[in-house]
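**Student:** So the sequence lines, in the order shown, correspond to chains A and B. Here the UniProt record's numbering is used: position 28 in the first sequence is 28, and no number is missing along the way. Here the UniProt record's numbering is used: position 120 in the second sequence is 120, and no number is missing along the way.
In short, the hints are calculated from the structure, not lab data. These figures come from a predicted structure and were not determined experimentally. Just so you know, even glycine gets a beta-carbon here, dropped at the ideal spot from N, CA and C. Some hints could be false.
Stated by the list, open to error - Only some residues are given here: those of chain B computed to face chain A with a beta carbon under 10 angstroms:
1. Lys-73
2. Gln-75
3. Tyr-211
4. Gly-215
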Amino acid sequence: MNMRTETQIEEALKDKSMAQNETHPLKMRGEKVCVYYGEKQALYDVDLDVRENQVMALIGPSGCGKSTFLRCLNRMNDTIDICRVAGKITLDNEDIYDKAVDVVELRARVGMVFQKPNPFPKSIRENIAYGPKIHGLARSKADLDEIVVTSLQKAGLFEEVKDRLDEPGTGLSGGQQQRLCIARAIAVSPEVILMDEPCSALDPIATAKVEELIDELKENYTIVIVTHSMQQAARVSQRTAMFHLGVLVEEGPTDKMFTNPDDKRTQDYITGRFG
Amino acid sequence: MTDHTVTSFDEELDAIDAMIRSMGERAGEMVDMATRALLTGDTALAQRVISEDRLMDQMQRDLDDRAVTLIGKRQPMGQDLRFAVGAMRMAGDLERIGDLAKSTCKRVGSIGEMVVMREPNFGIEKMADLARKQVNDIIDVYVSRRADEIEEIRNRDEQIDMAYTSVFRELLTYMMEDPRKISACTHLLFCAKNIERIGDHVTNIAENAFYMITGDQLPMARPKVDAVAEGMG
C-alpha cells in the first residue's frame, strides 16, 4: 500500500463523510398527502421524497397507511370508490393527480408488483407481451419477442423458463410467478416500480432471489417497497420511511434507521417492543 | 425502556448485561489485586490473579457465544443490535484488562523486594490507582446508562498517560543510579506499560459504551502526545 500524506488522509476522512450525504435526483414527491376512505382518514399530511435509482422501504405496523401511500403513487386508489386523496404527488415534478394525466400511461411509468403473485391466466410469453402490446411499445413481432426475453432476463427468470415460454404462467412456482410479475412490470419500461410486500408469500430462497433482483433493478429503476420484514427493509433499501397510525413518523437513511432511529415509535417497532 | 413483546428476548439481553457487569467488576478487582501484589511483592496474591484470569477468559467466551446466538436467533435491530455487538467488543476489552493484570502479576516474583518500592510517592501506585478507578467508573456509568459522564471518563486517560511518562523517567533515574536495579526496573517498566494499556482499554470501553447507549460516536479524542515515544521531550 502506498503511504498517504497527512493532507491525503484529511481528504479521505472528509470524503467518507461526504459519501454518506450522497444525493440522488428527486423522482417522486408527496406533499401533505391525506387519504380518506369515506369518513375515515387513513393518511395525515405525509411529506415524502423518493429519489432516483434508490430503493425506499415503507415500514410500520398493519393499518399504518404504508400500503395506502404506496397505492397513491400510481393512483391505484382511484379504483376504490370511497377513496379520496388530497395533497400533491409529483413524478418528475409533474402532478400525477392533474386532470391532464392519463392514468393508464402513469401506471406504465409507475409499475406495481403485488403481495400475491398474480400472473394472467395466459402463457408466460403473453403475460409479458401484453403490456408492451397495449402501450404500443413494440413495432413488430421480433420487437415483442425481444422485450419478452430481455424482461425475463432482467427479472432473472429467463434461464428457468426459456424452454416453456408458451406454457401458462400460473404453472410456475410461487417465487417464479413473482419474478414473472416483476418481468411483466419491467416490460413496459417503467421508471418507478412499486412493490407491496413482494416476498411475503415466498420461501426464503425465492425471497433471496427477489431481493437480489431488487438490488440489480435499482441501477435502472426507482423502487418503493412495502415490507413487514424489518430485515428485508434493512437489506434492500437505501432509505426507510416509518409509518404509524397514518402519520409518517420518520424517514432517513436505512443504515441509520435500523441502528439508531430518532423516533421512539420507530425504535420500539424495529426492535420488537410495540405494545 | 419498554419491554420486548417476546419476553425471552429481554431475558437474553439481561443475561448478557449481567455478564458484562460481572466481568467489569472482576476486571476492577484484578487490577486492584495486581497492584497490591506488585507493590508488596505478594506472590500468593499474584498467583490468585493469574488463576482469576482463566475465569475471565471463560466469561468472555461465554458472552461471545450468547451474543452470537442472540444475533442469529433474534436478528436484533436498533439499540438491541448495538447492544449485542457492543457487548462483544466490551467483553474483549475487559478480557484484555484481565490479561494485563495477569501479565503484571507474572513479574511479581522476578521483581522481588526491591528498594525502589520503599521510595516515597512511587509513581506506579498512583498510576494503578487511576487505572483501577477508571475501570470501576466506566462499568458503573455503563451499568446505569449515564451516557453524559462517559466522555469525561475517557478523557481522564490522559492522566494515566502522564503518570506513565513520569514513572518511565523515575525508573530511568534508578537504573542510572544503580545498574544492579536494571533487571527489576525493566520488569517494573513493563508493569507500568501494562497499566497504561489498561487505561487505553478503558478508553475503548468508554467509546463503545457511548455508542451502545446513544447510537452516536464520541467525538474523536485529540491526538495523544506520547512523551515517552518522543524521547521524553
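**Student:** Confirm or reject each hint.
**Tutor:** Cross-check of the supplied hints:
no. : hint    : in the structure
1   : Lys-73  : violated, 12 angstroms
2   : Gln-75  : holds, 6 angstroms
3   : Tyr-211 : holds, 9 angstroms
4   : Gly-215 : holds, 3 angstroms
Hint check: a violation occurs at hint 1 only; the rest are consistent with the structure.
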